[in-house]
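S.K.: Here's the letter readout for the chains.
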Amino acid sequence: MHKSILASGVAAAALFAGAGSAFAQTEAQWWHAMGGELGEKLEAVAEAFNQTQDDYRIVPVYRGTYPETLTAAIAAFRANEQPAIVQVFEVGTGTMMAAEGAVYPVYQLMADHDKPFDPDDYLSAVVGYYSDTQGNILSLPFNSSTPIMYYNKGIFEAAGLDPENPPATWAGIEDAIRQIVDSGAANCGLTSAWISWVQTENFSAIHDVPYGTLENGFGGLEAEFTMNNEVVARHWDNLKAWYDEGLFRYGGPVGGNDAPPMFYSEECAIYMNSSAALAAVVANTDFEVGFAPLPYYDDVIDPPMNSIIGGATLWVLQGRPEAEYEAVAAFFEYLSQPDVQAAWHQDTGYLPITNAAYELGIEQGYYEANPGTDTSILQMTRVEPSENSKGLRFGSYTQVRDLIDEEFEALLSGDKTGQQALDSLVERGNRLLREFEAANS
Amino acid sequence: MQTKRTIFPNKALPYLLLAPQLAITIIFFIWPAGQAVKSSFEREDPFGFRTTFIWFQNYTRLFTDPAYLNSFGRTMIFAVAVTLLSMAIALLLAAAVNRLMRSGKLYTTLLVWPYAVAPVVAGILWWFMFNPSIGIITYVLSQLGVTWNHRVSGLDAMILITIAAAWKQISYNFLFFLAGMQSVPASLNEAAAIDGAGPFKRFWTIVFPLLSPTTFFLLIININYTMFDTFGIVDGTTSGGPAQATNILVYKVYADGFLGLNIGSSAAQSVILMLIVIGLVFVQFRFVERRVQY
Amino acid sequence: MVENRPVLTFLTHAVLILGVAIVIFPVYIAFIASTHGPGTFLRGVAPMLPGEHMVENYSRMLAAGHSTSGAPPLWLMLINSTWMAIIITVGKISISIISAYAIVYFKFPFRTLCFWIIFVTLMLPVEVRIIPTFAVVANLGLLNSYVGLTLPLIASATATFLFRQFFLTVPDELMEAARVDGAGPIKFFKDILLPLSRTNIAALSVILFIYGWVQYLWPLLITTDTRYYTIVMGIKRLAAYADQEPQWNLVMAAVMLAMLPPVLVVIFMQRLFVKGLVETEK
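Chains as they are written, first to last, in the numbering used here: chain R, 1 to 441; chain P, 1001 to 1294; chain Y, 2001 to 2282.
Extracted from the complex, chain R is given alone in its bound form:
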């Protein structure tokens, strides 16, 4: 009784005090690409922000996969129906940066609305990927991740492997997956999400081989691909050999949708995917999961380089009413708070974006209580990045990703060797780069 009187009193007061704002609440759409558990967490973040104040409402809309979300946003922009915020994955960065008239740079947005925004607060490895040549941050880092290796400790034990010491090199992985399958501990040793991102791009960074010219495209639109080197070709050939032997299973194109179920159902013992797959892994498994850095060929490089990030940032699009940008600025300020960041990082497995959030996690004792959860951060920050390991920036890169999948599929079906597939990839990819260069200059 008391409660309801109080509640109606509060409601009436709110109505009174905020008559203007309560009715004129500004809605801003946020198109994103996070389905499943991550989507639930993302919706919770938006909802939490909406609860903190009455003036603005951020409305998350799921638009499918990352490529689908990006292209839907561009189509909507052409039709003048764009959302205020769109979540764009790292490989769309080149496309977004070239579209100056379409983007409202985040540093400018925050300055225009008197919100604090200091690039030094953010992890340097993350910020470098999303800044222009003057060091201005163009989009707000939101969910950055890096691939790691998940493995099923139970299967390791059943196969006679040490569940606490997973192999660190590809040679060790090969022995382990063969032992797993031969011993009957599981039907398959290894599966991987994102052949492009994990087994090609990160693979190149870790082994310090150039992926393209001009510092992997950071130096300009004239860059060309060079991933058809013998290191990558050898790795692809190995994956194909293991595939034929039944040790490795292909998870499908783009994100590799078939890969997670194979790991959850204990078909495959080892699974490589984004550190952000953590939420789904925890939700869908009832066995003990181990975490380890991605393996490397120790005859190519030892110690290995850092891995590169993936995931996405939030871009603000031009052409919305000013009130929506106020809402966006307020939302971004909220997102950058250490406790919001730390909670997001710990719930999802994405990297902590700000130094403060990482330190908060250490202070809370989170990493000690959850061993393995800092695997991704340590792997990313283990060395100073080189030209080959600070990231990629190419135009039309979403389509190049598709080409990577196609060529990898041609390799698996036996139509091409690793070298042939990569040569063809370079040839077709460079054609796309030249078209992009022509359309954007």
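No lab work stands behind these hints, which were simulated from the structure alone.
Some hints here could point you the wrong way.
What the hints assert, rightly or not - From the derived model, a few chain R residues whose C-beta atoms are all more than 12 Å from chain Y:
(1) 31
(2) 61
(3) 63
(4) 213
(5) 289
(6) 424
As the list claims (entries may be wrong) - Derived BS3-like pairs: lysine-lysine, alpha-carbon spacing no greater than 30 Å straight-line:
(7) Y/2275 / Y/2190
(8) Y/2275 / P/1105
(9) R/41 / R/153
(10) Y/2187 / Y/2275
(11) Y/2187 / Y/2107
(12) P/1004 / Y/2275
(13) Y/2107 / Y/2190
(14) P/1011 / Y/2187
(15) Y/2275 / P/1011
(16) P/1105 / P/1201
(17) P/1004 / Y/2187
(18) P/1011 / Y/2190
(19) Y/2190 / P/1038
(20) R/115 / R/41
C-beta atoms are modelled at their ideal positions from N, C-alpha and C, and glycine is treated no differently.
Using the hints provided, position chains P and Y relative to the given structure of chain R.
M.R.: Using the frame of chain R, we list chains P and Y on its own:
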């Protein structure tokens, strides 16, 4: 063109009656088609800030692009496979129903409803049955020693979309074959039977030749169907993969334009597809004329 | 039948039973999948016998949908699909029947040109002119609206031709008599032609309802607001999700619901359906 012997004399009324149809046609059909022709000669960046006129470059690039020629080839294979498979099964089923009197009605009801299933739904039904890890058909195949994976094998993926597309189309072909067979005069059949021709011989020498207009009509309709109406099947299942193995022309227009944001190339592909449809419609209507005389 | 051949009759039934089985099997499997819990699809083979989660799955999808895969409650999508199918059906029939009336019962300049403009729609299916049509609809501000969902699909050459063919078979004497009675064109259309066209309209409605219901690409392009999602396009989001997180039970519940309305229309209005199909396509 044909009209009535007597007509109403009104001057404005016919235009008024035609106005809604014409307005929609011009705004949503003819104008966009014109736009497609225009942008097929242009290069445009994804956001639409810069447009350059480039003559026939989009076309020449298409016809030197192995991926596009591949898409052409795949589309042909797909169209032929779906048409043959669904028409053969439909013909068999129609011939069977045509032999029956009362129970034929029940069988017809049980056979025609897939017409109402959306292509994307048909795709997903078969996608599920062929799912590499839990699909029931995959399981049966693996017991027979066949490994199925439409994620990797282009052939498997093509078989999958062919089955899904043909499955949905059987009902349509069945109805037309049945209607055709029922219009064959019973006297012809009886006369042949008296001459001692068995049911199989009668079918091939009397019924089937009389069905040739229906068969030809269905050929065109089925090719049209596989080329344009199967978008949902591809989009809901393979998305054109693996390695472009199921990237049929109509899907490629969408993928290059909407997903790849290569507006110029997609427009050039649209124009080529329009020419193909115009060709098909032309053939179809030439045939309808003859059919009316027949 | 000409003669009685028991072996052949047996074979006939065998072929038909096999045919019916092939046609029904995928739907049976989908239905079974929709009655199980999520754990069933983690490993092994999809089940062949019903499970116990049917009510739970269907009520969950209908009431709540699947927001993390971008699907609003299914009842909303079902209502949108129903609206879309009905508006398209009524719209196509209305504008086609009056166009056909104009072409058959009037003589006026540019009549042949008008006829050809309508005819051209046959040659331009939406799939081949996706981007410019999207741009037109966007410029008119029709994205995310029922008008945008339906209006561009309402032009119909086939329906116009069907009515034209039918009107040509209507005896001229009817009209002559009407004119003698002093009936104008509107009255003649309303009192004589429309009642005569009843069966044709009914048959065509069945076909067009299905046409409207199964639309996929168009709603996929022009709706970004979940309030306007139709069930057929919503299925795709669910399927992509099911691949990743094995919740085939929920997806298949949605698939069943997406199939049911038009399939029921075909089964219960079979006579009109067959008539409509055979007449529109010739």
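S.K.: For each hint, tell me whether it holds in the structure or not.
M.R.: Evaluated hints:
1. A beta-carbon of chain Y comes within 12 Å of the beta-carbon of residue 31 of chain R; the shortest separation is about 8 Å.
2. A Cβ of chain Y approaches the Cβ of residue 61 of chain R within 12 Å, the least distance being about 7 Å, so the stated non-interface status is violated.
3. A beta-carbon of chain Y comes within 12 Å of the beta-carbon of residue 63 of chain R; the shortest separation is about 7 Å.
4. Against the 12 Å criterion, residue 213 of chain R stays outside the reach of chain Y, whose nearest CB is about 33 Å from its own CB.
5. Distance check for residue 289 of chain R against chain Y: the nearest CB is about 15 Å away, which clears 12 Å, and the non-interface claim stands.
6. With a cut of 12 Å on Cβ distances, residue 424 of chain R stays outside the contact zone with chain Y, its closest approach being about 27 Å.
7. For the suggested pair residue 2275 of chain Y and residue 2190 of chain Y, the alpha carbons sit about 24 Å apart, so the restraint of at most 30 Å is met.
8. Between the alpha carbons of residue 2275 of chain Y and residue 1105 of chain P the distance comes to roughly 15 Å, so the proposed pair stays at or under 30 Å and holds.
9. For the hint linking residue 41 of chain R to residue 153 of chain R, the alpha-carbon distance of about 27 Å falls within 30 Å, and the restraint holds.
10. Distance hint between residue 2187 of chain Y and residue 2275 of chain Y is fulfilled; the C-alpha atoms sit about 28 Å from each other, no more than 30 Å.
11. As the CA atoms of residue 2187 of chain Y and residue 2107 of chain Y are separated by approximately 18 Å, the hinted pair is consistent with the 30 Å bound.
12. Of the supplied pair hints, the one linking residue 1004 of chain P and residue 2275 of chain Y holds, its CA atoms being roughly 25 Å apart against a limit of 30 Å.
13. A distance of roughly 20 Å separates the Cα atoms of residue 2107 of chain Y and residue 2190 of chain Y; the hinted pair therefore holds under the 30 Å criterion.
14. The straight-line distance between the Cα atoms of residue 1011 of chain P and residue 2187 of chain Y is roughly 17 Å, inside the 30 Å bound, and the hint therefore holds.
15. Taking the CA atoms of residue 2275 of chain Y and residue 1011 of chain P, the gap is about 35 Å. The hint is violated against a cut of 30 Å.
16. Taken as a hint, the residue 1105 of chain P and residue 1201 of chain P pair is honoured in the structure, with Cα atoms around 25 Å apart against an allowance of 30 Å.
17. At most 30 Å may separate the alpha-carbon atoms for a hinted pair to count; residue 1004 of chain P and residue 2187 of chain Y meet this at roughly 17 Å.
18. Distance restraint check for residue 1011 of chain P and residue 2190 of chain Y: the Cα-Cα separation of roughly 19 Å lies within the 30 Å cut-off, and the hinted pair is therefore satisfied.
19. Taking the CA atoms of residue 2190 of chain Y and residue 1038 of chain P, the gap is near 44 Å; set against the 30 Å cutoff, the hint is violated.
20. For the hint pairing residue 115 of chain R with residue 41 of chain R, the CA-to-CA distance comes to about 25 Å; that is within 30 Å, so the pair holds.
Checked against the numbered hints given earlier, the structure breaks hints 1, 2, 3, 15 and 19 and satisfies all the rest.
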